Every structure is written in structure tokens, then in C-alpha cells.
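**Student:** Following the hints, complete the assembly by docking chain W onto the known chain A.
Note that the protein sequences, when read in sequence, are chains A and W.
Using our numbering, the letters of the first sequence correspond one by one to residues 1 to 274.
Using our numbering, the letters of the second sequence correspond one by one to residues 1 to 106.
Don't read these hints as lab results, they were simulated from the structure.
Please note that the accuracy of each hint is not assured.
Said to hold, decoys possible - Which stretches of chain A does chain W cover? Using the computed rule of at least three CB atoms under 8 Å from a CB of chain W, they are:
| # | stretch |
| --- | --- |
| 1 | 68-78 |
| 2 | 142-150 |
| 3 | 263-273 |
The model shown is predicted, which means the values in this text are computed figures rather than measured ones.
Note that the Cβ used here is the ideal one computed from N, Cα and C, for glycine as well.
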Amino acid sequence: MKNKILPGVLLAALAATTAQAHFQLLYTPEAALKESAAVPLALVFSHPFDSGFTMDMGKPEAFYVISQRGDAAPKTTDLMQYLEPIKWAGADSKGAAYIAHPPRSVTRSLGDYTYVLRPAPYYEKSEDKYIQQITKTMVNIGGLPGGWDEPLKLPVEIVPLDKPYANWVGGVFRAVVMSGGKPVPHAEIEIEYLNHEPQIDARQFDPAAKATAPQESFSTLSIRADAMGQVIIGLPKAGWWGICALNLDDHLKYKGKELSLDAVLWVKATDMSR
Amino acid sequence: MKRRTLALLLLPLALAAGMVAHAHNAICSCFENDDGTVTCEGGFSDGGKAVGVPLQVLDQAGKVLVEGVMDKESSFKFNRPKVAFRVKFNAGEGHIITIDGRDIEK
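Looking at chain A on its own, in the form it has when it is part of the complex:
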């Protein structure tokens, strides 16, 4: 672990001018729906704070939703059939991405819906390695909770300790980084605010930013999990916040190259208003 960190820090220092975090988006506009509705989704691999370079996604290895109403048995619905390949526009580039419009019947019941995306590994030329970010986004219908706090037995994942869809602005969000079902002490974490709201119909990020970073360190917030693998982040602004735990499995290879297996969780913060 320690050996890994040092070269990482050096590389990051060398690349300081272009330091941006890759983030797998699994976006839907609303996280907490009052009642059942069709949930549209956008799957984009990008740099969400500055709407920077949009990377080409390959066909996902898996895309499904696990739903649970109260403590009834969880149900898995495969969503691969709803994937529609598109070109998604960021501020200065277009990249291969996907949108999906599963029908209302998929989200007809009350409860928690955890969308899971296992994208194809992405070859990052500048680092000569592959990146694969297993991503979760949660939606709740009707206020009846389900299995939001349960690990989903993914190879790597960020398991919430707070409901990712029910957070006030100004609150904190807690989660545990897991690899192979075990917490990852001191895991390397990146946090980014989804600063350019995705516009699914227009297949682009809103060109207007919601916030400005005073300096590069603020675009991607880099933190560490604690000794128990727990992460706590503040939520200072309404919208989606991405948490990414990097390189959770040290020895993975893909096509003869290093594979960074990352876990992403999206959290929504909501303004208190009248």
C-alpha cells in the first residue's frame, strides 16, 4: 500500500496542471421521487466539475437495478436492453456515451432502487493503464426505504451509512469503502461536484457552471478514508456529488496492462426551502 502511494503522489505532482478526476456518471435528474415515474439515465465518463474531456465509453459489462420495498426480498432488473449509444457533449469534446429510458414498469413499486453500472475498462493512454469504475446511483420512490445500506456483493463498492437520496445541503454524508466485502483502510478518495447539470435530451452538460473553483485543488477534492475505511464528506451545495475510491485492487490486469478498479457512489444534496 505504502509503496503504491509514493509514485502516485509524484505522478500527480508532475501532472499538476492537468489534474482532473475521471468520473463515471450514472445520472438521473431526481433521486427522491414522490411517486412512481419512469427514471431516465445518462451514462457518461467525464470530468464533472469542469465538464472537461468526455471519454469514449465501450459497451458496459453490466447495467442493472436492484430494487427493494421495505425489507421484502430484493429484486434485480437487467437494464442492458434499454442502453442507447449516443455522443455526449462536454465543454470542449464529444465522447461515446449511453442514455437509457427504462419504462415506468421498472420503477413502479415503492422503495429503494440502486442502479449499478459496470462499464467496460477504459484505456487511459497518459497513464498506460485501464480504468474501470463500478458505479452506483440510488433513487427512492414514495419515501418507503429499502436496502440502501446493504452491500451488493460487488468486487468493489462504496456502501452508504446515510441515504444517498435524502440529504440536506449543509449536512454530511458517510459511507464505507469496501473491496472484496471488506473495508479498505485509508483508501484514496476523490470527490467531485456535478457542476454542469447533464441535459439528457440535449445529450450534453449544461455549459453554465454552478460553482467556480478558486484553485485546482477544489475541482477534485482528494481525501483519504479513515482507518476503518469510512469516508465523511460535507454537502455544501445542492445537486449531485460523486465519491470515487481509487485503485481498490492492487494486482489486477486487463489486456496485459494495469487495471485500476474504482468504486463510485453518487449522492444528492437538496436545499431546504419553504
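**Tutor:** Same frame as chain A, but now just chain W:
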């Protein structure tokens, strides 16, 4: 785990008390199935089940068309009436939810 144990402990109590023991919000939602039946699902905002909660389907005059209780899956299924109707989910005082049939879609 803890929640499940608690629910198991509370369930008989809640049933004995006619489902008024919950200090949480009642939630009920209905949708139409492909075969023309309607399914209503219930529960509580703490994730609690609505097993045994009575449910009535009423016409505009308030006449009972169908009635029953939520099953072990906290749901209740009935044939969609030909006339205008509303669904009344009755989990006790302060926990009554009425849904207009016109709002029940596929």
C-alpha cells in the same frame, strides 16, 4: 439485521393494536397491472411492513366495492372497478391514505 429483529418483535404487537402502534408515516401507492387488475402497496417510512392493514375500494357515494387487508407482501390486488372509485388505506388514526382511481395508472 437489527431492524428485521425489531420488526419481527413489533409486528405481533402492531397487529394486536390494530396497526396503530406506528409512529411513522404511512405510505401507500397503487398501479394498474397489464391484466386490468390494480395492485396497491403499502408500508411505513421506517421501512416497516403494512401486513394486515385494511384497505377499501369505494365508489363515489362511499359504497364499499371491494375490501380486504394487505397480504404478507404488504400489497393488495383487486379488479379495477368499471365505475369511478377511490382506494382507502386505513392504518389507523393519522395514517389514512386515500387515492383517487383516476390517479392509478399502468
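**Student:** None of the hints should be skipped; say for each whether it holds.
**Tutor:** Now for the hints, and whether the structure bears them out:
1. By the rule of at least three residues with a Cβ nearer than 8 Å to a Cβ of chain W, the coverage given for the stretch 68-78 of chain A holds, with 4 such residues.
2. Under the rule that three or more residues need a Cβ within less than 8 Å of chain W, the assignment of the stretch 142-150 of chain A holds, with 5 such residues.
3. Counting residues of the stretch 263-273 of chain A whose C-beta sits closer than 8 Å to any C-beta of chain W gives 0, which falls short of three, so the coverage hint is violated.
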